[in-house]
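Peer 1: Now for the letters of each chain:
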Amino acid sequence: MNTVFTGTLFDGETLTAHPIRFTIEGGRLISQSEGHELDVALADVRPSSRLAALPRYLHFSDGRIIETEESADLDALLTGGERAHFTALVHWLEAQEIVAAAGTLLLVAMIGAVVWWGLPVLARRAAMAVPDAIEKQAGQTALLTLNRVLGQSRLEYRDQYRVREQLTKLLDAGGLNVRPDLVFCSMGREFPNAFALPGGTIVISDELVALATDDGELAAVLAHEIGHWQKRHGLQSVLRNSTALLVVSGISGDLSTLTSFAGTIPFMLLQRGYSREFEEEADAYAVDLLQKASIDLKHFESILTKLQNVRPKTGQDFTYLSTHPSTAGRIQALRAAQSTARPGTKSAPDNSEKH
Amino acid sequence: MSEDSTPIPSSAEANTPLPPADIGDSEGPRGESVPPVIDPTPFPAEHPFFFHGNTREYFRIWIVNTLLTLLSFGLYSAWAKVRKRRYLRGSIELMQHRFEYLADPRRILVGNILVALMFLAYMVVGKVYPVVRFGALVVGLVLLPWVIVRSLAFNAHNTSYRGMRFHSRQTYGAAGLTFIGQFIFIIATLGLYYPAWVRNQKEFFISGHQLGDAFFRFESKSGPFYSAYLVSALIVFVVAIAGGSFIAWSTFNNGGHPPTTQQLIPFFILYGTGLFFSKQYVYARLFNHIWNHTQLDEHRFKATLSIKDWLKLQTVNLGAIIGTGGLLYPWAVMRSTRYTLDHLHFVAAGPIDKISRLGRRDGSALGETAAEFVGLDIGL
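In the order they appear, the protein sequences are chains F and Z.
The numbering used here puts the first sequence at residues 33 to 387.
The numbering used here puts the second sequence at residues -8 to 371.
Hints may contain errors.
In silico DSSO-like links for lysine-lysine, alpha-carbon gap of 27 Å or less [stated by the list, open to error]:
id, chain 1, residue 1, chain 2, residue 2
1, F, LYS168, Z, LYS118
2, F, LYS263, F, LYS324
3, Z, LYS293, Z, LYS303
4, Z, LYS118, F, LYS263
Keep in mind the hints are simulated off the structure, nothing from the lab.
Take the sequences, apply the hints, and build the full model.
Peer 2: As structure tokens, then:
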């Protein structure tokens, strides 16, 4: 049991290396090496903790140090320093291939969970905390970008009036005292579309107004967009995207990419629209608002059906329905909402007129 | 905080973000096959740095410590940092002996808590009195030299070689002058002073360091820094021109409409690649220049990094890190560190045994007094 260890002694005074042989017995570290005789109680020796196959260092209280490669054999003899059990456990964990493999899976799962569940929650909270002025500014930026792609509106005044009238009605019913700006435009190519931008700007295309021949249908579209605005879906999308970017930037350590991406966010909104989850939320909001305004949900159903029918067969830019829940699914959800609605709402007079 | 990823030779560890060597054939410490060097060697003698780091080993350490950090909600991060750094520094061998990293994680934890508390105070106070946010900027400027000097001192004091600790003895005044005074001068010169500033930073870092009673010295003119940054600026310029033309071209193709995000993807790739290459180019070029102009008393260093190989290596690293969502980061660190150390030599002008504990010669107790009560350790 009297293992003889070999190592190097440094006196802490110079860089000179002194080869040394030593033994550990009876709780003492003993060396007979010529000129470097040692007889020190192990309690006065502070060993460095084990780490992979690195050399161990035995620090003596007088500043002398022994460096030795015989780490594993030494371990059995050392009583260990402070918190020895914990570092021993960490060292053991670090030595296991199986721990590394399981750890990798766990890490991937944890990151996945954060991205899928954590980020949306954070994005929602952050979006709700953004001051109105900044929300407005974000909307302005988005509108500027949009304006470059949108055509001049050729909507007749009475049609514009129809839209405004429905908007007022909805706002009154919902008790909303901030009025969103309405922007009329033409999307060309017979594209019925509408957007809600941060800060309360609703962009609606002539084609959509033409399609919604019934005022109730128009109200349904507007209610849906008010939902996007009120739930701050625009900001949430921006934040979700930039958070994902933030993670990537954090890993690569290069934050400059973030700013380069920020400028393109309006394009992203324009192309992909909102996520399915946001659309469902906006639908639910719209149902609620329409019921408050005593507008029959069948109008919502009919405009959805109309949109479905004019939907381009091939996937193109600005596809209003591309990320939306399937129309069938939405209509089903609407019917479910209708059946649970109060009877009074159902039988309420439908005062929308056709033009 | 002003920092870039150019090398800071003060610490023996190559703390590059994306460091060199292969995962498969990287095993096998090469140091062991080297016969023991017996004096008398003719001087100057060139000694290589050996890197004993093993990718599998480091990956295991990295994953275990990263997970422990996450599971402890960050409390373990100080311990994780120390273990990872101990592994990196402890894997570097020079003249038969390794470097040792000695930091006490509890001190780093104190430093982390201090930083967290200051940030928290800033958030809370800033919420109540928004004006305070401007005041915080002033406080930050005052604190900056302290943070820099303490971090350097902590890092140096906790790195040792052959039982001798390094020291960093920079003053707050010098730090303030370098990082605040000269920074203002950069603004005044519209950035023209920047390369000279980088040079002065390096001098500030390196020349403040000692190993025992031996002094590190960095002596260089600003010219090489200017030419390195000139090339890097040219790379960015060419990319900007190419990127601008690309946008113009796609706008024209779109019939006047600005390009969509999908159409812009090649632009982002081009842009990112350009920035990446210019950054890595500067790193490799300055790495050689800085080490070749650094001395430890009369001893010198020799760096022979190949810019071309370095760019190749970092490109692969970046691809691997992005492709695996960061999981291959430890592999990249091992590769970079190994490549860097394979191209670094210590040129001893005489026996290094003469280097002694500071204060030993005049009998004073100077030397091991470097106070470290707060383990500030920012990534300079």
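Peer 1: Would the hint linking LYS168(F) and LYS118(Z) be met if the CA-CA limit is 27 Å?
Peer 2: Given that 27 Å is the threshold and the Cα spacing comes to 21 Å, the pair holds.
Peer 1: Given the hint that LYS263(F) pairs with LYS324(F), does the C-alpha gap stay at or below 27 Å?
Peer 2: holds, 18 Å
Peer 1: Does the alpha-carbon distance linking LYS293(Z) and LYS303(Z) stay inside the 27 Å limit?
Peer 2: holds, 22 Å
Peer 1: Hinted pair, alpha-carbon criterion (27 Å max): LYS118(Z), LYS263(F). Please report holds or violated.
Peer 2: holds, 24 Å
Hint check: no violations occur; every hint is consistent with the structure.
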